[in-house]
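Each chain, letter by letter, is given below.
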Amino acid sequence: MKAASKHAALVAAAAGALCGLHGRAWATSPSLYARLGGEPVVTAVVSETIDATVADPRLNQSYRNTDIPRIKRLVVEQICDLAGGGCHYGGDSMREVHANHHITQREFFGLVENLRRALRRHHVNLRARNELLALLAPMAPDVINVVTPPPPKDPAS
Amino acid sequence: MAPRHSTLLLTVATACLASLASAADLIVHVQSAANAPVEDAIVYAVPASPPAPAAGLKYSIDQVNREFVPRINVVQTGTAVRFPNSDNIRHSVYSFSPAKVFTMKLYAGKSADAVVFDKAGLVVLGCNIHDLMVSWLLVVDTPYFARTDHDGTAMFSRLPPGDYTLRTWHEPMTEDQQGAEALHVDAGAGALTHTVHIGTP
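One line per chain: the protein sequences are C and R, in this order. Here the first sequence is numbered in numbering that gives the first Met the number 0, starting from 0 and rising by one per residue. Here the second sequence is numbered in numbering that gives the first Met the number 0, starting from 0 and rising by one per residue.
The following block holds chain C by itself, in its conformation from the complex:
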């Protein structure tokens, strides 16, 4: 990812020099995913965030008996998709994933705080951290206290 963003910057500089235009009109800005550090950083950040959340009894009720490596894989895929890393997130919607898990505000923001810590630990710069959090913030209503009533009982059963 880093090589790609350097290459893009070189192309932008060359184009700007040749055409006398400022870089912004010609530059391919590196994606947020690249600026986060790409796959190795995002994978490590997600893994540490979820590990910290699962280890915290105040935050971990929804993870009981759950396949954690699978969750990590899907969260990385989702961030890669949202942050322009070129992935396609193949999991279910946030609403479907969290329906009736009774996720509280405290659990949601507890995870966000673990994410912040992990990003800082991996030296992700402030701008990229904030952009990522801004991408995830709109998910809150689809994660916190999503209630779906049970289906009507089949009268034939």
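No wet-lab data here; the hints were simulated from the structure. One thing to keep in mind: the hints can contain errors.
[What the hints assert, rightly or not] Calculated lysine-lysine pairs in the DSS-like style (CA-CA distance at most 25 Å, straight line):
1. K57(R) <-> K152(C)
2. K118(R) <-> K99(R)
3. K118(R) <-> K104(R)
4. K104(R) <-> K57(R)
5. K104(R) <-> K71(C)
6. K104(R) <-> K152(C)
7. K152(C) <-> K109(R)
8. K57(R) <-> K99(R)
9. K99(R) <-> K109(R)
10. K109(R) <-> K57(R)
11. K118(R) <-> K57(R)
It should be emphasised that the depicted structure is a prediction, and the values quoted were computed from it without experimental measurement.
Put chain R on the given structure of chain C with help from the hints.
Quick look at chain R alone, frame taken from chain C:
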């Protein structure tokens, strides 16, 4: 796990009752090698000419507290099995067993279609999301099946006279490790008792 072969200790006690009924009541005692009763064994009697599955058979395996309930199940081939998802959080039921390969998402708040188990065999069910969830479903070519209770006893009422293969399964046997023995039910046999020994962990 080392294969466990069922050793056959047949105790047949026939009570010749002056019964007008030609069908027999069969009691099977399933015991460990140490003669202890074995709970949750599945015992089933496959007739020499297996009957066609009755249409419209239904069964349910629920999802409660991130577990399958019941954990041990037996149905006749052709049964449609529902997964009601009383948990009401999302699950993703799957099986890789040759008798039925499938994946089905159970969404919160939505009913799912029943799955028809159209091939006899042992089906191990899991959940993609909650990896500790497991359930065993034995699909058998006979309507004559029972699960042993805590006394290790399985009861068959009114088994029609004829030749059967009596089979016994207990977790975690593979299909090949199941016990098998010939069983003959005479017309007017009344009450029959069998004891089957299986090696259990």
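task: Mind checking the alpha carbons of K104(R) and K152(C) for me, to see if they're no more than 25 Å apart?
output: Measuring from Cα to Cα gives roughly 18 Å; hence the hint holds.
- prompt: Between K57(R) and K152(C), is the straight-line Cα distance small enough, at 25 Å or below?
  reply: holds, 15 Å
query: Within 25 Å, alpha carbon to alpha carbon, are K99(R) and K109(R)?
result: The hint holds at about 23 Å.
message: Checking one constraint from the list: CA of K152(C) to CA of K109(R), max 25 Å. Satisfied?
response: Within the cut-off at roughly 10 Å; holds.
query: Are the Cα positions of K118(R) and K99(R) separated by 25 Å at most?
result: Status holds; Cα separation ~7 Å.
query: When you check the alpha-carbon spacing of K109(R) and K57(R), does it fall within 25 Å?
result: Roughly 19 Å between the alpha carbons, so the hint for K109(R) and K57(R) holds.
message: What's the verdict on K118(R) and K104(R), does the C-alpha distance respect the 25 Å limit or exceed it?
response: The given pair, whose Cα atoms are some 22 Å apart, holds under the 25 Å limit.
- prompt: Quick one, are K104(R) and K57(R) close enough, alpha carbons at most 25 Å?
  reply: Since the Cα atoms of K104(R) and K57(R) sit roughly 20 Å apart, the hinted pair holds (cutoff 25 Å).
Pairwise hint evaluation, K99(R) against K57(R), where the allowed Cα distance is 25 Å at most: holds, 17 Å
query: Between K104(R) and K71(C), is the straight-line Cα distance small enough, at 25 Å or below?
result: holds, 19 Å
task: Mind checking the alpha carbons of K118(R) and K57(R) for me, to see if they're no more than 25 Å apart?
output: holds, 15 Å
Of the hints listed earlier, there is not a single one the structure fails to meet.
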